[in-house]
Every structure is written in structure tokens, then in C-alpha cells.
Amino acid sequence: MIEIKGVTKRYGETAVVDDVSLTIAPGGVTSVIGANGAGKSTLLSIVSRLTPADSGTVTVDGLDVTTTPSEKLARRLAVLRQENHMSVRLTVRELVAFGRFPHSGGRLTERDLALVDEAIGYFELDDLADRHLDQLSGGQRQRAYVAMVLCQDTDYVLLDEPLNNLDRRHSVQMMRRLRRMADDYAKTVVMVVHDINFASCHSDAIVAMKHGKVIAQGTTEEMMTPKVLKEVYDLDIDVHDINGSRIGVYYA
Amino acid sequence: MVVVGVAVACSSVLFQTVTGNRILTPGIMGFDRLFVLIQTLIVYVFGALTLTTTDPRLLFAGQTAVMVIFSLALYRWLFGRDGRDLYVLVLAGVVFGTLFGSLSSLAQRLINPNDFVVLQDSLFAGFNQVDPGLLAFSAVLVAAMAVWTARLSARLDVVALGRDTALNLGVNHASVVNQALVVIAVMVSVATALVGPVTFLGLLVANLARQLTGTFRHRTVLPAATLLSVIVLVGGQAVLEQVFGMNTALSVIINFVGGAYFIALLIREPRR
Ligand SMILES: Nc1ncnc2c1ncn2[C@@H]1O[C@H](COP(=O)(O)OP(=O)(O)OP(=O)(O)O)[C@@H](O)[C@H]1O
Ligand SMILES: [Mg+2]
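Chains as they are written, first to last, in my numbering: chain Y, 1 to 252; chain A, 253 to 524.
Bear in mind the hints are in silico, worked out from the structure with no lab data behind them. Ideal Cβ positions, reconstructed from N, Cα and C, are used throughout, including at glycine. Where hints are given, some of them may not hold.
[Stated by the list, open to error] Not the full set, but computed from the structure, chain Y residues with beta-carbon under 10 angstroms of chain A:
#1 A74
#2 L77
#3 G105
#4 R107
#5 M148
Please construct the entire structure, taking both the sequences and the accompanying hints into account.
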């Protein structure tokens with residue numbers, strides 16, 4: 001269970017995360033939605049101890065993220081940032097293999113290698129495995145980063161816009177993979193998504209943020225209504241039931 | 253010479269890892285001149301008598317300790333906030349190098365002439381005359397640092413991926429960086445005490461080693477860079493002495509070649 005209690009983060013005068021309290025139950029997929037600048041990434045990086053909060057506490061399975069040793073946490077929680085940049089040149093396989101570092105400390109076992117190969121295979125990176133990251137397209141690189149994070153094989157996985165740069169097919173595949181991790185392995189997935197229909201079709205719960213606050217949260221059915229979405233995005237969005245899912249229409 | 257080679261190579265590779273770029277080295281950021289300044293100031297404050305009467309190893313240990321403290325402070329100040337522009341950092345390095353250099357010469361002017369002679373002896377040891385006692389001490393020190401670095405190398409690989417990735421993978425980024433900085437400060441001190449500033453050698457060997465081995469893994473790059481640096485220093489000097497009969501020109505040549513390479517890197521590097 002992830003428990004966020006009274007977390008606030010300020011840059012200058014503005015609170016970009018403003019007294020947020022939130023509990024994320026173990027097992028299942030939770031989507032975080034909200035406009036640009038709502039504070040989603042900041043909240044995620046506080047939960048994953050990459051950014052210190054000004055006040056409030058975050059615990060994962062009862063472990064305070066700011067005081068628990070980093071290596072212990074790394075075996076329990078993995079995070080993908082919205083932007084990833086590396087100043088060193090490395091291949092896709094090397095990158096994905098780094099996901100095993102918390103478990104094997106740089107010396108890969110047979111099992112580690114098998115997991116690395118599996119992740120590379122799932123994200124259709126086999127042909128690209130020995131290419132350097134700077135020789136990939138944006139979507140291919142994104143898949144490599146996600147493969148690394150999933151290779152960490154943690155109970156909690158936080159993903160900031162995992163669908164960035166992905167085409168439709170790879171987006172759907174990614175979502176199915178996350179869904180399966182939650183259903184078959186009882187993993188807890190928290191992700192930031194902008195496409196509300198992906199959030200609707202693949203998550204159990206949705207958390208909506210606006211101006212640094214959580215303004216609404218609930219099951220997918222509760223959240224996928226024109227009223228809630230209007231509140232979140234300041235945009236009129238029709239919601240239709242299509243093939244058993246709630247689909248928001250907002251293109252026109 | 254081998255000691256200097258190891259020190260320059262390791263300190264440069266480590267520095268590039270913790271700062272996350274391939275252009276800056278302790279030499280370029282003025283760390284070696286900082287050490288000269290510390291040496292000078294110690295003479296200025298305590299007088300040459302201390303310099304000649306205290307055990308050179310003790311003196312050196314003291315200088316190194318001061319150096320470690322100031323390097324950590326300088327690093328904090330320059331790299332503490334992320335997202336600094338590379339060009340700003342290079343410029344800062346040039347400014348600091350010049351500043352430390354000028355402060356040193358200013359202090360050297362202010363020192364009385366007798367003290368100055370003593371200081372000059374210790375500053376401009378050059379590649380040829382190195383105090384054997386100090387050399388043995390330095391060798392032990394550098395060996396210890398090299399072992400420390402080797403033990404860190406797997407974690408250094410992760411640190412090279414950047415702070416966020418390193419934290420996510422469970423590496424205590426701040427602690428590894430601090431350890432690396434101590435190693436860097438000690439190694440720069442040793443190299444500078446033995447032969448004076450060789451600004452661009454580190455840059456040259458660190459990048460060549462990465463290019464030749466095609467990896468950034470410290471387990472591979474550190475030995476490769478060390479080997480290259482020893483080859484350049486020992487080989488270069490042998491060639492100069494045997495073929496051209498020159499003595500002091502090696503650092504000039506290294507700085508010329510390295511400087512040209514530095515400019516080439518700067519021009520090629522896309523601005524982030
Ligand atoms: N380092 C920083 N310094 C100052 N302000 C910042 C910093 N990082 C983020 N902010 C501000 O905090 C606010 C929240 O940023 P955050 O990245 O959390 O938004 P987000 O919800 O993830 O948006 P997006 O959908 O665009 O990714 C923004 O207004 C941003 O300008
Ligand atoms: Mg964001």
C-alpha cells in the first residue's frame with residue numbers, strides 16, 4: 001500500500017503539490033490524470049524519493065521513502081520519469097540489464113539474463129537490442145526505458161506517461177502488459193496518462209489532479225463522467241459506452 | 253610517472269562520471285590550480301621554515317586534506333543545482349583556473365624571496381626531479397585510492413546513468429558522488445604535487461579510453477585510461493628525451509594536443 005499524507009512541495013511561492021493525501025491500495029492499476037502543470041510528475045517523483053517534499057510523508061508498505069535505504073526501496077518500487085536523458089552511450093540490452101541492478105548488483109545471474117531477454121522480447125526490441133539508445137526513434141527508446149523499469153520486477157511500479165511517443169499498437173500492448181502485471185502478479189501500477197480512454201479501458205481507479213491538489217478520485221466508472229472530466233480539464237467531453245468501456249469523445 | 257598516470261586518468265574518468273559529461277575534467281575545472289594555490293598559501297601563512305622542517309609527507313597530507321574540503325565545496329557550488337549549461341561550466345572552469353593561478357602568483361609575490369625559492373622548488377618539481385620519499389608515499393596513496401575506486405566501480409556505472417536513474421536503481425547517489433570526489437581530490441593533489449598541472453591529459457585519455465573500448469563501464473574504462481595515460485607520459489617523455497634531447501616540453505605538447513582535442517569536443521557536442 002502506498003500512503004501519501006499531507007505532502008506539499010513548493011517552488012518559490014507556488015505550491016505545485018498542495019497538501020495531497022492519498023492511499024493507493026496494493027494490486028491494481030491506478031491512473032493519474034490532470035492538465036499540464038497540475039503536479040502529477042512532481043507527486044510521482046516525491047513518492048519515488050527522487051524529489052524531497054517540503055512537508056508530509058510517503059510510505060510504501062509502511063516504509064518511509066525518505067528514510068528507507070535506497071537499495072531496499074529499489075527492490076520494492078520502480079519508477080519511470082517523464083523525460084529520460086543519459087549522458088553515456090549504452091545499448092538497449094545494457095540499459096534493460098541495469099533494471100536488474102537492485103537485485104544482482106552488477107553481476108547478472110542466469111535468471112537476470114532470462115528476465116532481460118523476456119522484457120526485450122515483449123517490447124519487440126530484439127532487433128534493436130545491440131543498438132545504442134541514441135540510434136533509436138523516440139518510441140523505441142521509450143519502450144527500452146519501460147523495459148528496464150519492468151525488469152526491476154518490483155511490487156510497485158510508477159510510470160510517468162509510459163505511452164509517450166508510442167504508436168497505437170505499442171500503446172495497447174504496453175497497457176495489456178501493465179494490466180497483466182496487476183492481474184496475474186498482484187503488482188501495483190500507478191501511471192500518469194493523458195489519454196483518458198487508455199485510463200478508462202485499463203485502470204481500476206483514477207486520480208485527478210488540478211493545481212497541485214487531488215480534486216477527484218474513485219473507480220473508473222465513477223470518474224469517467226462528463227461532469228468530473230469537465231472539472232478536471234475545463235473541457236466538454238461526451239462519454240459513451242462502447243464495447244463495455246467508457247469512452248470520452250473530445251476531439252471536435 | 254606511473255603514479256601520475258594513474259592519478260590523472262582515474263580522477264578524470266571519475267569526474268566525468270559524477271558530473272555526467274565528457275568534456276569537463278578536474279584539470280579543466282581548475283582543481284589542479286586550486287592545489288597549487290593551497291600549497292602557496294600554506295607557505296605564505298606558515299613561512300618556508302615550516303615547509304622545510306616538517307616531514308614532506310605530513311605537509312602533503314595536510315595540503316591534500318585542505319584540497320578535499322575545498323574540492324567538495326567547489327563541486328557543491330558549481331554542480332549542486334542541476335541543469336547547468338555546459339558552456340557556463342566550462343567558462344567557470346576557465347575563470348577558476350585563472351583566478352587560482354593569479355591568486356597563487358599574487359601570494360608568491362608577497363612571500364619573501366627566500367621562502368619563494370623553497371616554494372618554487374616544491375611547485376616546479378617537473379617530470380624529472382621528484383622527491384623519492386614523497387613519491388613512495390604518493391604511490392601508496394594512489395594505490396589505496398585505486399582500490400577504493402575499483403570497489404565502487406559497479407555503482408559508478410549506475411551513477412553515470414544520471415541521478416534519478418541511479419536512485420531508482422537503489423544506488424545512494426550522493427554517497428557515491430562524495431566518495432568519488434574525495435578520490436578525485438586526493439589524486440589531483442598527488443599528480444599536481446608531483447609534476448604540476450597537466451590540464452588536458454585527463455581529458456585526452458578518458459575520452460580515448462571510452463572510444464577505444466566502446467563502453468563506459470568503469471571496470472574496463474579505468475584500466476584502459478590508466479594504461480593510455482602511462483603510455484603517453486612514459487612513452488612521450490622517452491621519445492622526447494631520446495629523439496629530440498628535450499626535457500621539459502612534454503607537458504607543453506600534451507596540453508597542445510589535448511587543448512586542440514578539447515576544442516574539437518566543445519564544437520561537436522550538441523548543446524543540451
Ligand atoms: N524544478 C522546478 N522549478 C520550478 N517549478 C517547477 C519545477 N518543476 C516543476 N515545476 C512546476 O511545477 C508545476 C507542476 O509540474 P509537474 O511536472 O508536476 O506537472 P505535470 O502535472 O506532470 O505536467 P505535464 O502533464 O505537463 O507533465 C508546473 O507548473 C511546473 O512549472
Ligand atoms: Mg508530467
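Structure-based check of all given hints:
no. : hint : verdict
1   : A74  : 3 angstroms, holds
2   : L77  : 8 angstroms, holds
3   : G105 : 6 angstroms, holds
4   : R107 : 8 angstroms, holds
5   : M148 : 9 angstroms, holds
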